[in-house]
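Join these two chains into a complex; the hints should help.
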Amino acid sequence: MTWYEIKKVFSRPGSKAAVAVLAAVVAVSCYLATHIAYVNEQGDNEYGRAAVMRLRAAQKEWAGVLDTEKIRQVIEANNRVNQSPEGQAEDVRSGNIAYGRKQGFLGIRSLLNYAYAEGFRISDWYRADVLTPDMADQFYERRIGLLKDWLYDETGEAYYRYSPREKQFLVTRYETLQTPLAYDYAEGWVQLFRYAVMVIMLCMILLGYLVSGIFAGEFVQKADAVFFSSYYGRNKAIAAKLKAGAAIVTAVYFGAVCCYSAFVLWYLGADGYWLPVQAHWSAWKCFYHLTVWQKYLIIVFGGYVGCLFISLLCMWVSAAFKSRAAAVMVPIAMEFVPSFLGNLSNAAADKIIGLLPDRLLDLDVTLNLFHVYTVGHYVVGSVPLLFVLYGVLASLLVPVIYGRYRRTQAQ
Amino acid sequence: MELVMKDLSRQFQKTTAVDHVSYTMTQGVYGLLGVNGAGKTTLMRMLCTLLKPTSGSVTWDGSDIFRMDGAYRRLLGYLPQDFGFYPDFTVRDYLLYIASIKGLRPMNAARRTKELLGQVGLAGAEHKKMKKLSGGMKRRVGIAQALLNDPKILILDEPTAGLDPGERIRFRNLISELAENRIVLLSTHIVSDVEYIAHEILLMGEGRIRSAGTVGELLHQMPVRVWQITVPPGQAGRYLAEYAVSNVKTDADGVQLRILSQEQPAAKAAAQSATLEDLFLWHFGEKAGERHDLV
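Taken in order, these protein sequences are the chains called G and V. If you're matching positions, the first sequence starts at 1 in this note's numbering and goes up one per residue. If you're matching positions, the second sequence starts at 1 in this note's numbering and goes up one per residue.
Bound-form chain V, shown alone (with noise of 0.2 Å):
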């Protein structure tokens, strides 16, 4: 079970979206973190044959996934950042048509569409139409129609996308649960959507793989450390436009403030454990906005 990427890029005019990605996933879930335009969808979208690469490739167990066709595409789980669905078709019918054009014989498929409506807790919304359906209970059906085939590689953009905290954590436990015997590829820009589950994380900027490994691995590689400090309101600024902050929180004895620096900003700052929400702030800063819009 290996899916290897090899100089992988795809180019749109004369934007490079992703830009010559290598790298080897096998078992295990990977979690893809990037800011908006990073290219984790393009990405994504190549990894399920949807968009041809410009040049590189993509293998399965040695064989080119698009020369594969069909026996690719068995293998395979997807559900898109944008999920789009058949309003009029009631949640039952919307999974047993997924079903028939994943190749899941009816009686299996209606078997299946039982199993995973219970699964993700839409057991009694089999018979609602799907636009009466509100954002999670949608995304919930996007995962139940990616898991209808069982795959063996499951490709999740954006998966958490209007789930509330509720339905976020028992997610992060469904995926944790299916991660046993496939690949699990989940992109987000949410931490802590695969901080707790990820076997590896791929950070993504700029259409590259700018880093990737466990969690303590890329903490551990982390150039800066992490300081706190309580400064009276009025100091607050200066910190603000000197450092990296990755998180302000005030309260009677003043602004506690959260900073990435290689120095300790002042002496009564203290050392704390970098965190994945750090080492994305420290990657990708400046793209998701500059100090000021970060905090």
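In isolation and in its complexed conformation, chain G is listed as follows (with noise of 0.2 Å):
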């Protein structure tokens, strides 16, 4: 029965149509993730394999523990190129070749900037040009200075957003993180984690699409009398049903994201799955202690849970309703409310925004957001919580639909 309800789906030409887009997006993913340039010593752009090759080989120059001899030592060398003829130089080649020095250490320069910025929120690119090497032992403080700078100022937009328990939950996550930490070329995960959204989003939106019609398709093309008068029909057939939609979301969605995956990671390589998260500047500031191969499953998983609720929601609606259209408008939908509760802007509605299914969809970002709550005696950030809620929701959601698909009748 499953196995004919998932041939029921992929018979439709839609669904072909929607399989493919998928594969085309997954491909298109794929190049914009592995597109990444070397800048070579006159200063020109190199594509490729082998220019990917050169960019690790320039990395790994500078990979081990970032302690503060590290640090001195990026402060000095980001120094020397910028006092360099090509670094005072204002032409866009000498500025290209300038910048080719300090590809092997632009990670850490990036973190510098962080570091050392004059304000939490504030994000400044030629910060590190202006540091000395004597400043190199506040790098690890000064994280933790400005978070706090940041919870602590009566005037700022933090302060009166979290309760005295969750600025300490804040600050003790900070704290509490191992240092120092380690640098090491992480480029190919890097640009996975950055590509992955666009592939998990058009998996929810194309996963939306295929099993919107999972329960509706049976009153869409008038099925419903054989089907409900049959001797399974309110039983083993709807749990069939909804057996080949987890299905369909398990196969399409690790399908897509295994395959982004993978090539990717063949493409750019796995160096640096070990590495903490905040070892790259786009992490610096997140408040969990995540490995990045700790990083991307969480981001994989997160995105499969978000997946398969929202999947869920579609073929509820698709039962309740008995419309394939309604249905289809779910995913869409859940694009569009972040967006206008975001409009509101005050404190509820945005501790509701950190728990709406989108962010599971995209946990590279909310990684980085500073989402916590309080539950009883304990603050969480919105990522473990995430799980667990739609976790449960999704459950839920299992036996609402098939109870409720039980009890049609077919007028």
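Each hint should be verified, as a subset may be incorrect.
[To be verified] List of simulated lysine to aspartate or glutamate pairs, DMTMM-like, C-alpha gap at most 25 Å:
#1 G:Lys222 to V:Asp7
#2 V:Lys138 to V:Asp82
#3 G:Lys7 to V:Glu126
#4 G:Lys285 to G:Asp362
#5 G:Lys7 to V:Glu115
#6 G:Lys60 to G:Asp137
Please keep in mind that the hints were generated in silico from the structure rather than gathered at the bench.
This is the structure:
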């Protein structure tokens, strides 16, 4: 039965087109993620596998523990490049040559921009250029200091946004991060995370389309009378539809995400999987203690939970309203609700936004957001809450859909 | 083997589609005759557990069919009037899927599918997509799916719609063969579909069973007689306006009319034996359209 339900979905020309669109998006994402440049000694951009190898070699030269000595060396090296004739020149080619010389430690340089910023929310690309080697020992202290300044500044946005316990929670997370961090070539993961949201979001929309017909199809095709009057029509055949939906979500989602991940990591390399996420500038402020590999698993499984929940919601709409069109609207609505709530700009709306299912689809960003919640005596970040909340809701939707469809009367 | 309807009613908002129907069916073919909107489909849908009655009950060998749930549906084969299917499935896949939701094991399902495709004359079309079939072929697939589980209760709603005369005759013969050891309820407004094969006919109108019995019993109960008369074309209008006319035939001698009337409409009118079609017209003449529409 389950096999035939899956066959029903994929025998529709629209479903075949949806799978083709997903394959195309995965291919485009793979291209975008792996299209990284290495700037050579002449200041020209190089692309392709050879360029990736050269970039990797340049960054590997700086690999190791990010202690005060390493920070000092990076500040010195950065200053040397800035003071070189190419660094001083104003023409584009010279600028490119200078940039090329920084490629090996560019990741650490970006961390310096954030660590030594003038405020927690300030991002200044040139901040690293004004540092002196004697400032190297403040690197980790400043990370914690900037957070505290942001949280406890009475004129700032964060002061009233978080309760004292929530503030303490965030400070403790920062203080307990194991330092010194480490640095390595991790371009494969960085690029993988960067475009993963594109693949996951499209999976969600296309999965919504694919599963929208599983329950409504019987009515749309007027096959409901035969279905519900059959022996298993009000029990096992409904369970088979749910199993088919879950199987389609699982296969299509993991198929797309695994293809994308495998290609990007094969092309760019999987080095740096063991690094703490804070070792890359994009997650420098992250308060979750994770390695890059753990972050990958969280992004992938979070996306899966999100897609599964939204697909089950589509199936429920499809079963309850007997309409494929209404069900297809669910993933689109999931995209618009956060934008609508975002306009409200108040603390309550902010708390709700942090727990909307779309957050699970973009965990690369969610992990960097300062969404914290007080649950009883505990303070937790939004990420574990999202997993629990939507895992439970998805589990609850299964019997709800089953019961709703079982009670259907075919008029 | 007894399917009992007791005071069965079904309302849709202010409309009563089925109005206190009580009837008992045992083994044999039952023809449910009525015009469109008579409540035939609603009645059948309740018998298939697709619709719950507003009041009354349906029991199978003493057990409520809605409480029996799957155990009752296991005995059931249903061909709906508006038979839907999965357009991108092949005929074979469609039947195998229906067999699976009817609880047939895969080996048994494959054997039964092959057997039934032969029986309904679709042996060569098993790999055709459902959407590529003609109307008659789709109907035959519909009949095959209803028979997959060798049902004890076979409910067929307008099964001959879309079939050509040859297919209809073949279908009638198939139903006659199947009638042994099961209940077949067949709804139609094509009188000849049931005239020769039904053991009992139920005439349904405005949600009620107006009359029921064998063809002989029903014709015997008919309160009017049937007359045949040939008149010049100029006089036909007068008879059409005054009497229920079940047939009009124009030939070189004039217009031949088949009139339903208790009294002899004219001295030269000859008495004829009544048919089920005459009876149908007598019961549903007004609903089916006024006398002029009927001819």
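* Are the Cα positions of lysine 222 (chain G) and aspartate 7 (chain V) separated by 25 Å at most? -> Between lysine 222 (chain G) and aspartate 7 (chain V) the Cα gap is close to 29 Å, so the pair fails against 25 Å, i.e. violated.
* With a cut-off of 25 Å on the C-alpha distance, tell me whether lysine 7 (chain G) and glutamate 115 (chain V) pass. => holds, 24 Å
* Can the restraint linking lysine 138 (chain V) and aspartate 82 (chain V) be considered satisfied, given a maximum Cα separation of 25 Å? -> Judged against 25 Å, a Cα distance of about 11 Å means the pair holds.
* With a cut-off of 25 Å on the C-alpha distance, tell me whether lysine 285 (chain G) and aspartate 362 (chain G) pass. => holds, 17 Å
* For the pair supplied as a hint, lysine 7 (chain G) and glutamate 126 (chain V), is the alpha-carbon distance within the 25 Å limit? -> The given pair, whose Cα atoms are some 17 Å apart, holds under the 25 Å limit.
* Under the criterion that the straight-line Cα-Cα distance not exceed 25 Å, is the pair lysine 60 (chain G), aspartate 137 (chain G) satisfied? -> holds, 23 Å
In this structure, the one hint that does not hold is number 1.
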